[in-house]
Amino acid sequence: MLSALLVMAAIAGVLGAVLGFAAIKFHTEGNPLVDKIDAILPQTQCGQCGFPGCKPYATAIASGEVTINKCPPGGEEGIQKLADLLGVDPIPFGSDTQTKPKSVAIIDENTCIGCTLCIQACPVDAIVGAAKQMHTVIAAECTGCELCIAPCPVDCISMEVIEEKITNWKWKYPVYALTSIEPASTAGAAQ
Amino acid sequence: MKKLYHFHGGIHPPSNKAQSTQLDIARTPLPSKLIVPLHQHAGETAKPVVHAGEHVLKGQLIGMPDGFVSSAVHAPTSGSISAIDMQLIAHPSGLPNLCATLIPDGKDEWVERKPIANYRSHSTAELQQLLRMAGVVGLGGAAFPSDIKLRTGKQKITTLILNGAECEPYITCDDMLMRERAAEVVQGAEMLRFMLDADHVLYGVEDNKPEAISALQQAITASVPILQQNKRHEVVAIPTIYPGGSAKQLIRVLTGLEVPSGKLPTEIGVQCFNVATACSVYRALAHGEPLLSRIVTITGNVRQARNYEALIGTPIGELVELSCTLPDTNGYIMGGPMMGFSLPAVHVPMVKATNCIIAASEHLFPPPPPVMPCIRCTRCVEVCPADLQPQDLYWFAQSREFGRAQAFSLFDCIECGACSYVCPSHIPLVQFYRFAKSEIRAREHDKQLADQARERHEYHEQRIEREKQEKSEKLKAKEKAAQTAKLACSQPLTSQQQAEQAGLEASRAHIRELAQSSVEHAKD
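Taken in sequence, the protein lines are chains A and B.
Okay, so the first sequence: first residue is 1 according to the working numbering, each after it adds one.
Okay, so the second sequence: first residue is 1 according to the working numbering, each after it adds one.
To be clear, the hints were calculated from the coordinates, so they are not data collected in a lab.
Heads up, a few of these hints could be off.
[Said to hold, decoys possible] With a Cα cut of at most 30 Å, we get these calculated DSSO-like pairs of lysine-lysine:
id	chain 1	residue 1	chain 2	residue 2
1	A	K170	B	K447
2	A	K165	B	K263
3	B	K154	B	K107
4	A	K102	B	K2
5	A	K81	B	K468
6	A	K132	A	K36
7	B	K263	B	K471
8	A	K132	B	K154
9	A	K132	B	K471
10	A	K165	B	K447
11	A	K55	B	K447
12	A	K100	B	K248
13	B	K154	A	K81
14	B	K468	A	K102
15	B	K231	B	K248
16	B	K263	A	K170
17	B	K474	A	K172
18	B	K154	A	K55
19	A	K172	B	K154
20	A	K170	B	K231
21	B	K231	A	K172
22	A	K102	B	K471
[Claimed, not checked] Short derived list, chain A residues pointing at chain B, Cβ under 10 Å:
id	residue
23	L2
24	F26
25	L41
26	K102
27	E141
[As the list claims (entries may be wrong)] Here are the simulated distance ranges between beta carbons:
id	chain 1	residue 1	chain 2	residue 2	range
28	A	V14	B	K468	25 to 35 Å
29	B	K468	A	H27	26 to 36 Å
30	A	N110	B	P366	56 to 66 Å
All C-beta atoms in this analysis are idealised placements derived from N, C-alpha and C, irrespective of residue type, glycine included.
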């Protein structure tokens, strides 16, 4: 009887030590799910989801506070990826959200008065300039979040859709006519 | 006799090469204008260094290499630059790109050339820089800057392979080059061997080009004095099978080595150059001539198919007219029928990668039969030279499962088109692979941008936080200073301070008195 108790106590002690060790050794800082969700989000930091940036939205999704269809820049594909990650059904965008083509902000340098309001609004520090000096957008760093447009007192910032060039051109999905079994029957296009 | 190896699969399409090898290489007359694209090579577009209206000489630099993977672009003849603007170029997208338009003055006047007397006395880095500034790029089709391929780092290169296989139907530009300029090819190959410090050189030529093989052999025997002893040059006739001219497949046939997936041939001690590239390396170093022209095959639906040495930038329309296109021509293909693409327009200029122009007609290239569903017959698997599972790749690409396509080694596909050629359902398989590849690349690019934006946003937040903290600290310090000042006021003064204050008061009263008296003085 006593030996059985001792054995059980010893096993409990060993397992406890193992668990205690594992808790220290494999300790994870923060919620790893947040980082996984954040990796899927497009990082435009535009706030269209109602949160101040992509990370806060990712945190909110991880805690189940919001639905996964609040990120228009991520597109339908982003929703699909989030749904796959979280094991939930994809939800379509609401009727009021509309996805736009990728674009960059352009400052009309003739109108800019150098007020620095857009510089303060830019979430990725992609606008350079100083007080009473002309400002300009670093196009390569601009995420197209449109946050700089509202604060501009002279409305000199506009969004320009990124054009298709040789450098960013993609092969299109092949489209070909389906076989018509008989010449008279209608032949649709694949896809 | 060297032992040869096999690669998996391959096909035997009709070669159609005899038409264009009847006549020798002809020089084209000077075209009415030259449109020189500044992006003719893989990598970054060259930066224009001339402006519209400027007069340039033949061989003068007009595009400066910009970035690590980039190459120079030169004026192919003397004349005046009429414009530097966006023009339609030979690209499957049909989109315009930056080009310099040159109106020849007919004098064909050279800029000063700086040939190198003895390249062996120069360092490899110097020679690489010369090739970069001479705009030498791979002439096999990919137009990859040659100087980059010579930067092998610490990797020891044992074998240099000269690619003269020219496996694709219709194309004969390398064949004719080897027949007529074998000596230049061999000297260029020796220069490349010297720069790579390779142990030996193998020339891989398909056995349907006996004239080229014997010309190369003769050239090697003739140039023994200039070759380094114990560094063997050998011409190897390889079996004619498509795509035997693809670099990885050629390496496999000649050495039995397989280039690992996602790795470069240099990692197994082999480097591969096209024979025409070797020729232009020779011209660049020994004669100081940058790459201004290349040999291009004009064939297909023409009266007299032939190879021409044409200036880079020649409008393709003017080029094909030399061979008299037949009236039922309905389009032009750049490259071969297997891997080439239809030109968006006939007025686009030829570039360094233009090895062949095929005039197409309904008779030569009938419209493809209707596409039927994949029946998983695996005929594509049998012919795939990269040992892939094309039917699975097709399935993943058409359903946009890009992750799985990548897991099935989509990026090892060389887009040779052997699978599409044998497909009994006539599925345009390669188009699907190209679509999937460019989608994956675009996604990776977007991911990179997103990571960059995340990092910048985090820095931004940190900065805002830091500024806030600094501000509050400053405020605190100010408050503290004000408080200590107040405290100092309320404390009783020491005798010294009292004396100082009394002195100050006395001087103030004196100044006041003086001011008063001067005012009164003025009134009087």
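Going down the list of hints, with the structure as the test:
1. A:K170 - B:K447: holds, 16 Å
2. A:K165 - B:K263: holds, 29 Å
3. B:K154 - B:K107: violated, 47 Å
4. A:K102 - B:K2: With a Cα-Cα distance of about 57 Å, the restraint between A:K102 and B:K2 is violated, given a limit of 30 Å.
5. A:K81 - B:K468: violated, 37 Å
6. A:K132 - A:K36: Distance of about 42 Å is beyond 30 Å: violated.
7. B:K263 - B:K471: Not OK: B:K263 and B:K471 at ~53 Å, beyond 30 Å, violated.
8. A:K132 - B:K154: Violated, at about 53 Å.
9. A:K132 - B:K471: holds, 23 Å
10. A:K165 - B:K447: Roughly 19 Å separates the two Cα atoms, so the pair holds.
11. A:K55 - B:K447: holds, 16 Å
12. A:K100 - B:K248: Violated. A:K100 to B:K248 sits at ~43 Å, over the 30 Å cutoff.
13. B:K154 - A:K81: The hint is violated at about 42 Å.
14. B:K468 - A:K102: With a Cα-Cα distance of about 33 Å, the restraint between B:K468 and A:K102 is violated, given a limit of 30 Å.
15. B:K231 - B:K248: At roughly 23 Å apart (the allowed maximum being 30 Å), B:K248 and B:K231 satisfy the hint.
16. B:K263 - A:K170: Given that 30 Å is the threshold and the Cα spacing comes to 24 Å, the pair holds.
17. B:K474 - A:K172: violated, 58 Å
18. B:K154 - A:K55: With Cα atoms ~43 Å apart, B:K154 and A:K55 exceed 30 Å; violated.
19. A:K172 - B:K154: violated, 40 Å
20. A:K170 - B:K231: Not OK: A:K170 and B:K231 at ~45 Å, beyond 30 Å, violated.
21. B:K231 - A:K172: Cα-Cα ~48 Å, so violated.
22. A:K102 - B:K471: violated, 37 Å
23. L2: violated, 58 Å
24. F26: Violated, about 25 Å.
25. L41: With a minimum Cβ separation of about 8 Å from chain B (threshold 10 Å), the hint on A:L41 holds.
26. K102: holds, 9 Å
27. E141: holds, 6 Å
28. A:V14 - B:K468: 25 to 35 Å: violated, 50 Å
29. B:K468 - A:H27: 26 to 36 Å: Holds - the Cβ-Cβ distance for B:K468 and A:H27, about 30 Å, lies within 26 to 36 Å.
30. A:N110 - B:P366: 56 to 66 Å: holds, 58 Å
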